[in-house]
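Dock chain S against chain R, hints included.
Protein sequence lines correspond, in order, to chains R and S. Residue 102 in my numbering is what sits at position 102 of the first sequence, and the numbering runs on without skipping anything. Residue 1317 in my numbering is what sits at position 317 of the second sequence, and the numbering runs on without skipping anything.
Hints are computed from structural coordinates only; laboratory data are not their basis. Worth double-checking, as some hints may not be accurate.
Claimed, not checked - Below, in silico cross-link-like pairs of lysine-lysine (DSSO-like), each with a Cα-Cα straight-line distance of 30 Å or less:
| # | chain 1 | residue 1 | chain 2 | residue 2 |
| --- | --- | --- | --- | --- |
| 1 | R | Lys34 | S | Lys1142 |
| 2 | S | Lys1258 | R | Lys34 |
| 3 | S | Lys1329 | R | Lys104 |
| 4 | S | Lys1329 | R | Lys93 |
| 5 | S | Lys1175 | R | Lys45 |
Claimed, not checked - Pairwise CB distance ranges, derived in the manner of DEER restraints:
| # | chain 1 | residue 1 | chain 2 | residue 2 | range |
| --- | --- | --- | --- | --- | --- |
| 6 | R | Ala17 | S | Ile1207 | 34 to 40 Å |
| 7 | R | Ala17 | S | Asn1187 | 46 to 52 Å |
| 8 | S | Ile1312 | R | Ala186 | 24 to 30 Å |
| 9 | R | Phe152 | S | Asp1191 | 39 to 45 Å |
| 10 | R | Ile151 | S | Glu1176 | 19 to 25 Å |
| 11 | S | Ala1264 | R | Val90 | 57 to 63 Å |
| 12 | S | Val1249 | R | Pro5 | 47 to 53 Å |
| 13 | R | Arg81 | S | Arg1321 | 30 to 36 Å |
What the hints assert, rightly or not - Examples of chain R residues toward chain S, derived with CB under 7 Å:
| # | residue |
| --- | --- |
| 14 | Met29 |
| 15 | Asp33 |
| 16 | Phe100 |
| 17 | Leu157 |
| 18 | Phe169 |
Ideal Cβ placement from N, Cα and C applies to all residues, glycine included.
For reference, the chains in residue letters:
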Amino acid sequence: MYLYPKWIRVWHVINAAMILILIVTGLSMQYTDKDNASYVVGFAKAVRWHNFAAIVLILNYILFVTGNLLTNNGRYYRTSRKDFLLNLRVQFKYYSKGMFKGEKHPFPVTEERKFNPLQKFTYILAMYVAMPLLIISGIGLLLPEIVITTIFGISGLILTDILHITMGFLLSIFMVIHIYTCTLGAKPTSLFRGIITGYHISEEE
Amino acid sequence: MFRIIILLSLINLLSLSTSGNSLYKSGNDKVKDSVTFVSRFESDNIRCFKCHGQEKYEYTNETVGKQVRDMMCSERIIPKKEFYASNHRSFSCTDCHSEQYVKFPHSGELRMEQKFNCIDCHGGDEKFAKYHFEEIVTEYQKSTHFKMEDEGFSCWKCHNPHTYKITVRNSTNLKETIAYDNAICLNCHSDYSRFQLLSDKAEINIIQKHEWLPNQALHFANVRCIECHTKYDNNIPVSHQIMPKGDAVRLCNECHSKNSILMASLYKFESKEHRRYGFFNGIILNASYVIGANRNEYLNLLSLVIFFGVIIIIALHIIFRIREINKNK
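If we strip away everything but chain R, and leave its shape as in the complex, we get:
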C-alpha cells in the first residue's frame, strides 16, 4: 500500500537528520565544560551547527505544515472527540498486553487511517505543540535581544531557555519511542523500509 508520498519522505529524512544534529549539539551546549571540550562537540562548533540545523528544521517545518494544508496528508492529523480516550486506551492496551497474546492490531493501517489513535495523538502533540514551542523559543535564543527582559521578575531568557530545553528533551524522548515503535511492524524492519520506499507492508500482506 503506497502510503508515504515523496515529499513526506524527503521531509521526514531532513527532519530526522536535523533533529539528530540538534540533539548532539544541544546536549554539547547544555553540558559544556572546560574539561570535556575534547569529547563532545566544542561549544563554538556546537553553536554554529545548532543554528544551521535549526534554520533548516524551521524551513522543513514550514514545508510540513504547508504540505499538510495543501495535500490530503493533513487529514491523518485530524481527530474527533468521539471515543478519543477510549481509542487511546484500546491502543495502549494492545501495546502493553494484547500484542503479547497474539491479538490482532485494533486499528490496522489503511489508506484512510495511517496512524493509530495513540500515534496520532503523540504526533499532534509533537508536531503542533512541541515543535512550534521549540521553534519560537529557539528563535528567542538565536536573537536574544527580542526576548522579553523580565516576566514576573524572572529573566525572560531563563524562561525561554527552560522552555526550549524542555521541548527539545521531550522531542528527543519522542524520537527514541518513535524509533522503537517503528520496529513493531510486520517485521521489525518493515516500517523503516516503508518510510524509505513509500510502501507500507501490513501484517496481512
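Coordinates of chain S only, in the frame set by chain R:
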C-alpha cells in the same frame, strides 16, 4: 486543531512584538546623586574649577588690559561633578599638584612636574592593604600594556585619578558597572586619537576583531573586556595582567560551563551564593543568563530519570516480544 495553532502563534507573535529591544535597559536607571558630598577643600578647589571645571574659561590679560574668554583644552577639563563623585573626591587639587598652580598665569615649568602613581600614595599603607596595590603593580608589570609601552603607559591611562571610582564590588547594577569598566578600555581602543599616543598601529577596529564572537553586542553589554583579556589571579580583587591578544579567552566553554570563569571575575564579589533553585552559578541569573553555566541540576536529573525510565520500558517491551515469539515457535 488549527484553532489551537492559530492561537499559539498569536500568543507567540504578541510576546515577540511587545518585548521590544529592552535587553539593554538596566533595572536600576537611577544614578545615585553622589555630588551631595561637600569637600572641606571646596573653597580651595573652586579656584581651579573656575577655569578647569568646564569648556570655557575667562581671565583678564593684564598686559593688554583686556578680558579674555577662551576654550579650555579638553585634556585639562576636570568635570566638577565627576570629581566629587570619584574616589579622590575628598582631596584638595594641590594635594597632588604643585602649590604654585594657585598663581595665574601658571608657570611653564609646572608642565614638567612629576606626576604621582597609585603606588606612591597607596603602597605600603595598612589602610589600603585590602586592595593589594603592590600585587596590582606586579601584575601590571607583567601585562602587555607595560611590556609594550612602559614609558608612555601608567595607571592614569585607565584610571583617571580625577574621575575614577571603584564600581564592581559596590555595584547594585551590574550592567552599569560593565558599561563603566568597558568604557575604560574603549577610551583608547575605540578612539584612535587617544590610541595613537601609545601605538604606531595604523588602525583599530574592535568590532571587526571580535567578529568571530556570536551575539557580539550582547556579549559586550553583559561582560567586561577584562573577563577574556586578563589572566586571573585569586589573590587580587581585579586582575590587572592584561594578556597579549593571542592569549585572550576564545573558548566559549571557559564561561559557558559549570566552572565558568565569570564566577572568578565579573561575579567574584557576589559569588558566595553558588546555587539557587538548582541553577548552577545562580548569581549570574540576577543579571543575565549564560547557556551552559546556568544549567539546572534538578532538571538535568529529572531528564536523566525520564530518559532511563523510557529505556527500561523499551527493554522490558523487547523482552516480552521475544518471549511471545519463542512461545509461538
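Numbered hints the structure breaks, given as an ascending list: Every hint satisfied by this model.
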